[in-house]
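Produce the complete structure using the sequences and hints provided.
These protein sequence lines are chains A and R, in that order. Last residue of the first sequence? That's 441 in the working numbering, and every number before it is there in order. Last residue of the second sequence? That's 336 in the working numbering, and every number before it is there in order.
Possibly wrong hints are sitting among the right ones.
Short, incomplete list of chain A residues facing chain R, as computed with Cβ under 8 Å [claimed, not checked]:
no. : residue
1   : Y198
2   : L204
3   : A212
4   : F380
5   : L381
6   : L427
7   : R431
Below 30 Å or equal to it, Euclidean Cα-Cα: the simulated DSS-like pairs (lysine-lysine) are [said to hold, decoys possible]:
no. : chain 1 : residue 1 : chain 2 : residue 2
8   : A       : K118      : R       : K332
9   : R       : K165      : R       : K109
10  : R       : K107      : A       : K441
11  : A       : K215      : R       : K241
12  : R       : K148      : R       : K165
13  : R       : K238      : A       : K225
14  : R       : K107      : A       : K311
15  : R       : K148      : R       : K287
16  : R       : K193      : A       : K189
17  : R       : K286      : R       : K148
18  : R       : K332      : R       : K311
19  : A       : K441      : R       : K109
20  : A       : K215      : R       : K311
21  : A       : K311      : A       : K118
22  : A       : K311      : R       : K326
23  : A       : K189      : R       : K326
24  : A       : K289      : R       : K153
25  : R       : K332      : A       : K189
26  : R       : K326      : A       : K118
27  : R       : K332      : R       : K193
28  : A       : K215      : R       : K286
29  : A       : K225      : R       : K107
30  : R       : K241      : A       : K225
31  : R       : K188      : R       : K311
32  : A       : K6        : A       : K189
33  : R       : K326      : R       : K165
34  : R       : K287      : A       : K215
35  : R       : K241      : A       : K384
36  : A       : K189      : R       : K311
37  : A       : K215      : R       : K238
38  : R       : K238      : R       : K311
39  : R       : K238      : R       : K107
40  : R       : K107      : R       : K165
Derived from the structure by calculation, the hints contain no laboratory data. Each residue gets a CB set at the ideal place from its N, CA and C atoms; glycine is no exception.
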Amino acid sequence: MNDTMKHTLLFVAVGVLLVLEGTTTAAGVFSGSWNSSLTILNMGLISAIMALGVNLQWGFAGLFNVGIMGFTALGGLAVVLTSMPATPGAWEAGGQRIVIALILGAATIAATIVAYQKLPAGRVRTLAMLAILILGFVLYRAMLDPGVEAIEDINPALEGNIGGLGLPVLLAWPVGGLLAAGAAWVIGKTALGLRSDYLAIATLGIAEIILAVLKNEDWLSRGVKNVVGLPRPLPYEVDLQNDPAFVERAASWGFDATTASTLYVKLGYALLFTVVLLVLLWMAQMALKSPWGRMMRAIRDNETAANAMGKHVTRRHLQIFILGSAICGVAGAMMTTLDSQLTPGTYNPLRFTFLIWVMVIVGGSGNNFGAVLGGLLVWFLWIKVEPLGVLLIEVVTAGMAEDSGLRAHLLESAAHMRLFTMGLVLLLVLRFSPRGLIPEK
Amino acid sequence: MDFLNAFVALSNFVLVPGIAYGSQLALGALGVTLIYGILRFSNFAHGDTMAFGTMVTILFTWWFQSMGISAGPLPTALLALPFGIAITMALVVGTDRAVFRFYRQQKAKPVVFVMVSLGVMFMMNGLVRFIIGPGDQRFSDGERFIIKARTFKQMTGLDEGLAIKTSQGITLVTAIIVVALLFWFLNKTRTGKSMRAYSDNEDLALLSGINPERVVMITWLIVAALATIAGTLYGLDKSFKPFTYFQLLLPIFAAAIVGGLGNPLGAIAGGFVIAMSEVMITYAWKKVAGYVLPESLEPDGLAQLLSTDYKFAVSFAILVIVLLFKPTGIFKGKAV
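What follows is the structure, given as structure tokens:
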């Protein structure tokens, strides 16, 4: 059996798992509902795209990014800012002030950088930079605060945020990529070119900060009050159920209207996501095969040698770091579109950063197909480990008394098995099969 | 009088909490920096090592409390601390044997070590949540305050009160003792000297007959002790929650890098720099300003630079500035 055969079989196996999920309730693991199977598939496709982005950074260039959660959340914010209708009156009340304040803030930082570059080093320069920063900060806050207050006062129960541009929601996906790319540029400029650990720490930090902003800046994202009812690229289930033509067609296939409408919408998303995934996968494959991809791998394998050949290592690293983060941003926007709500409270590093890492490592770092496979497979396992854990604990504790405190505690904490299992999987794969399921050629 | 009041208010809300938090961060950063100096990677599992040590200490504390053992006015956790340290040492050395040693023999790249430590972080995190649950735990007992705000007001006749919590006092005293012991160990004992030699120049140390495995093991033992102490002190002062300990990673890393990775003295300085900036930037200065400034200049708002939700942004901003201008840290560290 050659390699291509083996790798195709792995993808087929994931497909079989999804079909089993849709058809059988055997073993207490599968749910036997196509609805649940498609839900898993949709999130799996999004995870695969994220894994593709991370693979670009890690597999191609050896960059360790632990801030994927932040880039994903920025993608989510992009959906709100692009596709929500603008809140009436928000622009006049405070939007202008906020935009001016943000420009002021940017100008302050720019002026500080100019001062740093133009003035001769010494006490004068330090004082000048401090003065610019303090003055800029005071002006920024004086401009920003009233604007924020005014916007948050507009109908706080439902809105209280600035809203968006009211553009088609599909447009938000590339915008999400752009936002993430911007954040990645800032981080990359700071931490690349230093030791590899520093990039890890810096990305960990920026992710926490992006999340803190989303949770606390109510005027922007409604904070923990969540933005709900985001526009969708597909029709609503209720509308489909009220459409006689649709109901008729569903009946001819042997479905009732409710099931058919949910399946229709989920299949629609699955198609959209597959198209994006295939386009990105094709692009990543082309990049990998191109001279650019070869240069990237040369840099990864021996930075000194690549440098000696005249390659600007830091600049190339910055480039690929931005590209990879942008892909994560696109995936984040897609996920928020799928949920049709932005819930800053639900982002946590475990699910949005480290799980993606497990996907890349298990799938095979350095191989795009591996990353996609890892995304689909590990997502399926992630969903299924919990019922499995409960099952396992039930078996283990079957001999104990019904009212035993230990048994209750074990059953209650079974959910935390996920963390433990994911860590174990990561360590085992790194140790015994560091090249993953589909290794780099 | 106004000036005194301002100073007391400042001490109460900024200096005392800042010093306590700074000592906790310094102890945490010392652990990170030691691992970096000897094993040459950033240990992402450090926050969860702290959580594990604290959890064991809490479990022993509860056991002691149920048996009626207490330390009088001091928290029972201090009695439980040695047991917590011992068990954490066992766990950490076991982890090193089972996980990290393999990669050391392979001479793997530092970034691989970082990833592996990520896996270890996962497992420890899962273990802690599995045993004690993800919720908040309070385990401090004994006397709550060394000085209460009201007593202080009566004693001095000032308008502002100064409260010092027992946990804050204990934090500072413990931190001083631990740091003194550590520096004595590193500078005066034979083992400590061999550790520094190994950290400075691995090959030369090997040539002069230093056993690397022994150095590594002793490092892990010290790190386990530091992590457990730092974690328990933080838990006594605030409260114990596994996720908070994971989040402490960022300020701890920032402290270690600001001071210079691999430099113990730097870790302590870094801890205080980060803690003080965090507290000062998120503190509402209105009260202090009200005492010091003439009435016409008094601020209308709270005079708070950033809301407390952004305290991580402070450590991050400092980290970025240091990385941009002085990547080796205040005290020359090893890494660039």
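Taking the numbered hints from earlier one at a time, note which ones the structure violates and give those numbers from smallest to largest. Checked against the structure, the hints that fail are numbers 4, 5, 9, 16, 24, 29, 31, 32, 33, 39, 40, while the rest are satisfied.
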